[in-house]
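**Student:** Knowing the structure of chain A, use the given hints to seat chains B, C and D with the ligands on it.
Residue numbers (this note's numbering), protein chains in the order written: chain A, 42 to 436; chain B, 42 to 436; chain C, 6 to 130; chain D, 6 to 130.
Honestly, the hints are just simulated from the structure, not real lab data. Hints are supplied without guarantee of correctness; some may be wrong.
[As the list claims (entries may be wrong)] List time: in silico DSS-like cross-link candidates among lysine-lysine, alpha-carbon distance up to 27 Å:
#1 C:K97 x B:K257
#2 D:K126 x B:K427
#3 A:K427 x C:K59
#4 D:K119 x B:K430
#5 A:K165 x A:K372
#6 B:K372 x D:K104
#7 A:K427 x C:K119
#8 A:K257 x D:K97
#9 B:K149 x A:K132
#10 B:K149 x A:K153
#11 D:K104 x A:K257
#12 A:K427 x C:K49
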Amino acid sequence: MKRVYLDNVATTSILPEVLEEMLPYLKDAYGNPQSLHEWGDAAREALDDARSKVAALIGAQPEEIIFTGSGTEANNLAIKGLAQARESQGKHIVISAIEHYSVLHTAKTLEKWGFEVTHLPVDKYGLVDPKEAAKSIRDDTVLVSIMHANSEVGTIQPITEIANVVKRNGAVFHTDAVATAGTIPVDVNELGVDALSFAPNQFYGPKGVGALWLKKGVRVIPFLDGGVQEGGRRAGTENVPAIVGMGKAAELATEEMESRMVHLSAIRDKLIGELPSRIEHAILTGHPTQRLPGNASFCIEFIEGESMLMLLSQQGIAVSSGSACTSRALKASHVLTAMGLPPEIAQGSLLFSLGLENTEDDIDYVLAELPPIVDRLRQMSPLYSKFLKGQQGGS
Amino acid sequence: MKRVYLDNVATTSILPEVLEEMLPYLKDAYGNPQSLHEWGDAAREALDDARSKVAALIGAQPEEIIFTGSGTEANNLAIKGLAQARESQGKHIVISAIEHYSVLHTAKTLEKWGFEVTHLPVDKYGLVDPKEAAKSIRDDTVLVSIMHANSEVGTIQPITEIANVVKRNGAVFHTDAVATAGTIPVDVNELGVDALSFAPNQFYGPKGVGALWLKKGVRVIPFLDGGVQEGGRRAGTENVPAIVGMGKAAELATEEMESRMVHLSAIRDKLIGELPSRIEHAILTGHPTQRLPGNASFCIEFIEGESMLMLLSQQGIAVSSGSACTSRALKASHVLTAMGLPPEIAQGSLLFSLGLENTEDDIDYVLAELPPIVDRLRQMSPLYSKFLKGQQGGS
Amino acid sequence: MPIYSDTVMDHFTNPRNVGEIEDADGIGEEGNPVCGDMMTFYIKVDNNHLSDVKFKTFGCGAAIAVSSIVSEMAMGKTIEEARKITPALVAKELEGLPKNKFHCSNLGAQALNKAIDDYLKKQGK
Amino acid sequence: MPIYSDTVMDHFTNPRNVGEIEDADGIGEEGNPVCGDMMTFYIKVDNNHLSDVKFKTFGCGAAIAVSSIVSEMAMGKTIEEARKITPALVAKELEGLPKNKFHCSNLGAQALNKAIDDYLKKQGK
Ligand SMILES: Cc1ncc(COP(=O)(O)O)c(C=O)c1O
Ligand SMILES: Cc1ncc(COP(=O)(O)O)c(C=O)c1O
Numbered sequence: 042m043k044r045v046y047l048d049n050v051a052t053t054s055i056l057p058e059v060l061e062e063m064l065p066y067l068k069d070a071y072g073n074p075q076s077l078h079e080w081g082d083a084a085r086e087a088l089d090d091a092r093s094k095v096a097a098l099i100g101a102q103p104e105e106i107i108f109t110g111s112g113t114e115a116n117n118l119a120i121k122g123l124a125q126a127r128e129s130q131g132k133h134i135v136i137s138a139i140e141h142y143s144v145l146h147t148a149k150t151l152e153k154w155g156f157e158v159t160h161l162p163v164d165k166y167g168l169v170d171p172k173e174a175a176k177s178i179r180d181d182t183v184l185v186s187i188m189h190a191n192s193e194v195g196t197i198q199p200i201t202e203i204a205n206v207v208k209r210n211g212a213v214f215h216t217d218a219v220a221t222a223g224t225i226p227v228d229v230n231e232l233g234v235d236a237l238s239f240a241p242n243q244f245y246g247p248k249g250v251g252a253l254w255l256k257k258g259v260r261v262i263p264f265l266d267g268g269v270q271e272g273g274r275r276a277g278t279e280n281v282p283a284i285v286g287m288g289k290a291a292e293l294a295t296e297e298m299e300s301r302m303v304h305l306s307a308i309r310d311k312l313i314g315e316l317p318s319r320i321e322h323a324i325l326t327g328h329p330t331q332r333l334p335g336n337a338s339f340c341i342e343f344i345e346g347e348s349m350l351m352l353l354s355q356q357g358i359a360v361s362s363g364s365a366c367t368s369r370a371l372k373a374s375h376v377l378t379a380m381g382l383p384p385e386i387a388q389g390s391l392l393f394s395l396g397l398e399n400t401e402d403d404i405d406y407v408l409a410e411l412p413p414i415v416d417r418l419r420q421m422s423p424l425y426s427k428f429l430k431g432q433q434g435g436s
Numbered sequence: 042m043k044r045v046y047l048d049n050v051a052t053t054s055i056l057p058e059v060l061e062e063m064l065p066y067l068k069d070a071y072g073n074p075q076s077l078h079e080w081g082d083a084a085r086e087a088l089d090d091a092r093s094k095v096a097a098l099i100g101a102q103p104e105e106i107i108f109t110g111s112g113t114e115a116n117n118l119a120i121k122g123l124a125q126a127r128e129s130q131g132k133h134i135v136i137s138a139i140e141h142y143s144v145l146h147t148a149k150t151l152e153k154w155g156f157e158v159t160h161l162p163v164d165k166y167g168l169v170d171p172k173e174a175a176k177s178i179r180d181d182t183v184l185v186s187i188m189h190a191n192s193e194v195g196t197i198q199p200i201t202e203i204a205n206v207v208k209r210n211g212a213v214f215h216t217d218a219v220a221t222a223g224t225i226p227v228d229v230n231e232l233g234v235d236a237l238s239f240a241p242n243q244f245y246g247p248k249g250v251g252a253l254w255l256k257k258g259v260r261v262i263p264f265l266d267g268g269v270q271e272g273g274r275r276a277g278t279e280n281v282p283a284i285v286g287m288g289k290a291a292e293l294a295t296e297e298m299e300s301r302m303v304h305l306s307a308i309r310d311k312l313i314g315e316l317p318s319r320i321e322h323a324i325l326t327g328h329p330t331q332r333l334p335g336n337a338s339f340c341i342e343f344i345e346g347e348s349m350l351m352l353l354s355q356q357g358i359a360v361s362s363g364s365a366c367t368s369r370a371l372k373a374s375h376v377l378t379a380m381g382l383p384p385e386i387a388q389g390s391l392l393f394s395l396g397l398e399n400t401e402d403d404i405d406y407v408l409a410e411l412p413p414i415v416d417r418l419r420q421m422s423p424l425y426s427k428f429l430k431g432q433q434g435g436s
Numbered sequence: 006m007p008i009y010s011d012t013v014m015d016h017f018t019n020p021r022n023v024g025e026i027e028d029a030d031g032i033g034e035e036g037n038p039v040c041g042d043m044m045t046f047y048i049k050v051d052n053n054h055l056s057d058v059k060f061k062t063f064g065c066g067a068a069i070a071v072s073s074i075v076s077e078m079a080m081g082k083t084i085e086e087a088r089k090i091t092p093a094l095v096a097k098e099l100e101g102l103p104k105n106k107f108h109c110s111n112l113g114a115q116a117l118n119k120a121i122d123d124y125l126k127k128q129g130k
Numbered sequence: 006m007p008i009y010s011d012t013v014m015d016h017f018t019n020p021r022n023v024g025e026i027e028d029a030d031g032i033g034e035e036g037n038p039v040c041g042d043m044m045t046f047y048i049k050v051d052n053n054h055l056s057d058v059k060f061k062t063f064g065c066g067a068a069i070a071v072s073s074i075v076s077e078m079a080m081g082k083t084i085e086e087a088r089k090i091t092p093a094l095v096a097k098e099l100e101g102l103p104k105n106k107f108h109c110s111n112l113g114a115q116a117l118n119k120a121i122d123d124y125l126k127k128q129g130k
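If we strip away everything but chain A, and leave its shape as in the complex, we get (with noise of 0.2 Å):
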């Protein structure tokens, strides 16, 4: 059977080369960047350069990056490390309302601190206005936090607006780039900001790290205590295979980002081109030209999204949903939910993320197995009857 795999949003692969580089520190080079001897020179040596290379992935300086365990860890430490460094200046934050859920729970745990926590809400494309954002700053903000783009949706937002109206109130802005950096240009002077989050689980690099950018000056109260490592603001072993391998995922992605964007929104056009005149009541959600160049996210009317992961599993396609179904707080998308979409059709989500490996052919297999897919479950469908039987009437 054909195995196609559509969700890059979960993770993508690791590049054979990523791979590559990353055994020897496996293998003989497993020693430990702070000893002082051959094995730690080697480990030294190896980390250096990958912070080299990670921060010309955003155009920033070597020193200014710290490397965490993943992504989440990332925006545990700059939205509680930013938020306490200030909190002498003021106890409130603002975050959009879509943010991921290493942001979202860390604004909540925040709040048990005794922050005061603004949600600003997206627009149907699920946007936020930097008016909005404006207005929501008072002088007691200390930090502002919005996600570069959304994964589950593909909507990449207006980040340098935004942060231009933070700065001239002189809050920190920190913003989560986990969906981009490494999958479209982020240069962290362009985008105006003081911190900014990624992991290379998200460009053909290995689990297990991620990073924070952490500006010049910007103070940052550390999250994980213990050791000097990280110039003391991440404690513990440097996990060195897999940051070597951030770093030559960043210096592929730095070289091939072009091509590999050309590739994706060839292949992701093709499929939200396509899809729509294949099934009846498909909603294409997110921006439709602001968004990631791999993400082709819709709604499939009257059907629910976990039931037509299952059914594309079996015809070998992997992808993921916002449903509340294959969410374990069985809860519907935050982020369908605050776009405006009525939790019936949120259900109906599905979410096809593309990466490198993908082919026309692909698409085309995706285009041909979906269909019978959403009949068999229509048919089933109760919601599915009372619209036909609707139609009916209203004729």
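**Tutor:** Below, chains B, C and D with the ligands without anything else, positioned relative to chain A:
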């Protein structure tokens, strides 16, 4: 040149069998365990399997294991999370004076959060007195954390006795077993603890992963906020390859523990036995018998650790030291200081941490190479001239 | 490891008794699409026995499998027997359900019960 | 990457002018073993020139290298010239030192200066 790695306290190597087991998850089986398709299924299965093996190493149930990104993170989660979950009952915690920085500095953060911290002293061997522990416990004590063994001096604590005392008084008891789990028998039931941290880069597994064992029913406030991974107790995409590696390393450690211990203590005893007969004024630190099988730690009087390290390194020998100069913070080891060693003697700290790969030959090599190095540095040392002059004067 | 048992997968992939009954004696609807799952059960009753059971379901794999097995379990039973199809029994027949899917087995039993209630009401009982 | 430059490694591995001068004209001690580093400098002065410089050092690789290069830099200089050996100059001669080792270059210059002070004091100046 011969190369002899005697710095297993910094990190061990990764066994080829462990890497072998990890590789599929760095290649085709790159799925995210949260995904509802074949790729996700494979990753989830690997995670479950690793969890069972890791639990078996310490006599625990699989669902009691929370995977983290490092031993440091396990300690942060334990100390912060257990204390925070109990702050309505009291804000006093007890730790020992010789804890690893990931406990010591985390406790400092708790002080900033309004907790009071008692640091239990140790005797000249580095032992905590259970009676002292009992005395330290107050009505508002909610957490006690005493490490199972200290990796710098090798001393193993009487955890069962201490846990007994703590339990009687109703506080939860955590032990940092990073230096022991996978190295000597660790059984959570025998120890009688409520929570236990460990990490595989101490037992021939990978970096970038650790675990906190938390007894069923013991409440903890999560440290990393975000998604629902690890039963909602540790957010962030699971580091599948590293977790798989931890599983395999745990399995091998369980199987081979006896023979590893026999081998390690044999070569350790040779080093401890013969070194003082080749080098005058070499003091064994830590407990003479209750010590880790691979640990041979000394203070070499009149000279400083880093210079020994560097000259040993030139002979291909990798070791570590607790001297001020080898620490980034430029302070002599708090462990040696807490054991009552005068600072100028602590500066001569030299730690041989032996591993599976080491042989009797390696020990002979060290015993041959170290004495001329010590001589050479002593010839340069103003302290040594003073000592010699004092002796002449005294005789 | 798949999150569902083989039995769940079988009933999800080949659901029994999907459809509506035009002249049903009782109809029961449970759940709603907002929560993610919604089931409609249709029954024909003949001499106090469920002579036909059909369903339509909007929902996850578990919801579909639950509907299917409930329809199978109920088919041919007396009303009293059908009343005894509990969520626990449904989950057991399916060889287990993931913890967060237990509510689906509730829905199935409830929808069937509502169909029976509807039948009895129509009978004026 | 080694934390030390090649020059530091050279001076650490082959330190110049190690030893004591029995009949030194000036002796200067700086640092103490509690902090990790301690240096003693011995000088002979001939016609206002440092005709011999020796040292003993307890300390890290940087401390030993610093002592060695300071002894070399001072050798043969006039007292006034030797006074101009600053910590920054020492670090530069060594092609850099890790940040947390800068204090070692201070110690070296200070110990030499103390030895000169001692000489001048003995001269009654
Ligand atoms: C926008 C965004 N932020 C943060 C994360 C968290 O990443 P992780 O779970 O790998 O830590 C994700 C994960 O997909 C993401 O999409
Ligand atoms: C006793 C003990 N606890 C905790 C740690 C922290 O481990 P890591 O730095 O790998 O997170 C160590 C590291 O050696 C240790 O020896």
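**Student:** Does K149 of chain B pair with K132 of chain A here, judged by a C-alpha cut-off of 27 Å?
**Tutor:** Measuring from Cα to Cα gives roughly 23 Å; hence the hint holds.
**Student:** If you draw a straight line from the CA of K427 of chain A to the CA of K59 of chain C, is it 27 Å or shorter?
**Tutor:** Answer holds: K427 of chain A to K59 of chain C is near 16 Å, not above 27 Å.
**Student:** Straight-line Cα separation of K126 of chain D and K427 of chain B no greater than 27 Å?
**Tutor:** With Cα atoms ~23 Å apart, K126 of chain D and K427 of chain B stay inside 27 Å; holds.
**Student:** Tell me if the straight-line CA distance from K427 of chain A to K49 of chain C falls inside 27 Å.
**Tutor:** Holds, at roughly 21 Å.
**Student:** Tell me if the straight-line CA distance from K97 of chain C to K257 of chain B falls inside 27 Å.
**Tutor:** holds (26 Å)
**Student:** Below or equal to 27 Å on CA atoms is what counts here, so check K119 of chain D against K430 of chain B.
**Tutor:** holds (22 Å)
**Student:** Sort out whether K372 of chain A lies within 27 Å of K165 of chain A, counting only the CA atoms.
**Tutor:** holds (19 Å)
**Student:** Between the alpha carbons of K104 of chain D and K257 of chain A, is the straight-line distance 27 Å or under?
**Tutor:** Cα-Cα ~18 Å, so holds.
**Student:** Given the hint that K257 of chain A pairs with K97 of chain D, does the C-alpha gap stay at or below 27 Å?
**Tutor:** Holds, at roughly 26 Å.
**Student:** Verify the proposed pairing of K149 of chain B with K153 of chain A, using a straight-line Cα cut of 27 Å.
**Tutor:** Judged against 27 Å, a Cα distance of about 20 Å means the pair holds.
**Student:** Run the distance test for K427 of chain A versus K119 of chain C: straight-line Cα separation, threshold 27 Å.
**Tutor:** holds (19 Å)
**Student:** Under the criterion that the straight-line Cα-Cα distance not exceed 27 Å, is the pair K372 of chain B, K104 of chain D satisfied?
**Tutor:** Distance ~15 Å between K372 of chain B and K104 of chain D Cα, so the pair holds.
Figure legend: structure checked against the earlier numbered hints; every hint is met.
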